[in-house]
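Chemist: Below, each chain spelled out in residue letters.
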Amino acid sequence: MAEAMIKAVGLTKKFEEFVAVDGINFEVKKGEAFGLLGPNGAGKSTTMRMISATSQRTAGDLHILGKDPNQKGPEIRAHLGVVPQSDNLDRELKVWENLFIYGRYFGLSRAFLKKKVDELLAFAQLEEKRDAKTDSLSGGMKRRLTIARALVSEPEILLLDEPTTGLDPQARHVLWDRLFRLKEQGVTLVITTHYMDEAEQLCDRLIVMDKGRIMAEGSPAELIKQYSSKEVLEVRFGSTKNAEAAQNISGLGDRVEVLPDRILIYTEDGEKVLKQIVKLGFEPVTSLVRRSSLEDVFLRLTGRQLVD
Amino acid sequence: MNSTKMTWQGAAQIVDIKKAIFWGPWYVAEQRLRNMSKWLVSLISFGLGNPILFLFAIGLGVGSLVDANAGGKAIDGVGYLAFLAPALLAGAAIQAAMDETSFPTLQGFLWEKNFFAMNATHLTPNSIVIGVLIASLIRAALTTLLYEIVLILFSAITWASVLPLFVSAMLAAGAFGAAMLATASKVVDDDGFFAIVGRFVIAPMMLFSGTYFPIASLPIYLQPIGWISPVWHATNLGRVLSYGLPIEPWLFAIHIGYLLSMFVGGSLIAGRIFAKRLDS
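Residue numbers (our numbering), protein chains in the order written: chain A, 1 to 308; chain B, 1 to 280.
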């Protein structure tokens, strides 16, 4: 059995009276890609800060690499790679210097870093930008540089806080590809995200968080199987007609969710339900049959969407 | 496509944690020095240009007037340039230290947030504080040395006084740099704070600290401004060390004690504020 890189028991963080993280338990194994999924304010980033040993817990136990971050913060941090939510690159420095200086923080020798910087530039596909200042980089490039920077010390665990927020779809896919490669190399990844597709793509296992608590835990496939149906039929009748249509089709499928702009019908066969709706005399303006996703899991668990 | 397979030994193999923690402040200073290196030409130009302008305008202009009217050794028994030199050096060193502890602190916390990047490694808030101070002292040392070269060329100081004046200027830089670092680390929104500091702290400090005339020439109710100013303590110390201004031993001890206390106190306070902001 793989060793636990991170173990949290009853992990709690309070800011005065506000409980940001409310007694959560989880474990991350070596080489695993572990996700914290939830909407803004769910407690993901606060949990991440405790894991990154820069925020002390209020209660509970937390061990990272077998050490307590409240006691051994700097020692733990020396073995972590952290990719924060917003890039904090040195704007005055060139791309290669950002990697070099970060490596120097860990006391890595200049000779080692000379080689490592080239390797990381290749990994991040930034070789042509080597001598550019970071201000001239696109958002996706900055993100890749921030990830490359976090890898300079060859961390045991890479923590990524909302790694693709604000990136266009192409940049996100390039970044996912790089993260996949890290996973293949056996790097333990901990990722917070509010994008279900990102969690599905990258995570072996994840916890769904809401209001500081864990709502569910498992692999993306397990969660979908447990909390949703195989398919989802999305139908739109127009904003004024959705409510009336929903009343009449509520018996169809396993479950019906009425959202402000559309109705979701959870079923094993979306096409079949669509035909039944038409038979009942309702003609949707648009319809879509799709596979269930983590978004549906979250909706089921909390009654809310991930991205409001 | 480039080969993206990386060599990977793991942090446990490549990071010497004890060495990394011990040298942490120096690694922070390296980051600041590399930032500074981007402005090296400007730093050297200002480092040489400022004293040249000051010495022509104040030293030679005002100095020749003072020496002509009051005699060549009218103030403390030395010429006006020799009297002025310790104050100019202290002022220049303070300015350099302020440059490296004010806006770079906002850069670290607000604009680029690179203090948070440092704190994500094993570097602690105290390592960062010490590192920023080391870098500010190196910058102040460079400025002071450039200033001293110009002072030597103007025959304002002797070779024998180069080292003592350097020490007094560095004490001033350390004291003011630490105080400024503690102050700047409290700033959460850059709303012209440093313009206010420049106008209402730096300017009065330079004017009422015995920079251009002995502090005793001021009315007694204005002299306390000088007494609390690191510029006066460093300037008076420099005058003692460079041309032997006679002062009581207790006052000599107060000058050194005041500057060192300001350095230590400012550093400790800065460390606490950094910790509060970085480790929430």
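No wet-lab data here; the hints were simulated from the structure. Heads up, a few of these hints could be off.
[As the list claims (entries may be wrong)] Straight-line C-alpha distance at most 16 Å; calculated EDC-like pairs for lysine to aspartate or glutamate:
#: 1; chain 1: B; residue 1: LYS38; chain 2: A; residue 2: GLU257
#: 2; chain 1: B; residue 1: LYS18; chain 2: A; residue 2: ASP131
#: 3; chain 1: A; residue 1: LYS94; chain 2: B; residue 2: GLU30
#: 4; chain 1: B; residue 1: LYS38; chain 2: A; residue 2: GLU17
#: 5; chain 1: B; residue 1: LYS113; chain 2: A; residue 2: GLU244
[To be verified] In silico negatives: residues of chain B with every beta carbon more than 12 Å from chain A:
#: 6; residue: ILE14
#: 7; residue: ILE17
#: 8; residue: SER45
#: 9; residue: LEU145
Even glycine gets a Cβ: it sits at the ideal position worked out from N, Cα and C.
Chemist: Work down the list of hints and note, for each, if the structure agrees.
Modeler: Now for the hints, and whether the structure bears them out:
1. B:LYS38 <-> A:GLU257: 58 Å, violated
2. B:LYS18 <-> A:ASP131: The hint is violated at about 32 Å.
3. A:LYS94 <-> B:GLU30: Holds, because 15 Å separates the two Cα atoms, which is no more than 16 Å.
4. B:LYS38 <-> A:GLU17: 47 Å, violated
5. B:LYS113 <-> A:GLU244: 52 Å, violated
6. ILE14: Nearest chain A Cβ is 6 Å from ILE14 (chain B), so the label is violated.
7. ILE17: 5 Å, violated
8. SER45: Correct as stated: the minimum Cβ-Cβ distance to chain A is 18 Å, above 12 Å.
9. LEU145: 24 Å, holds
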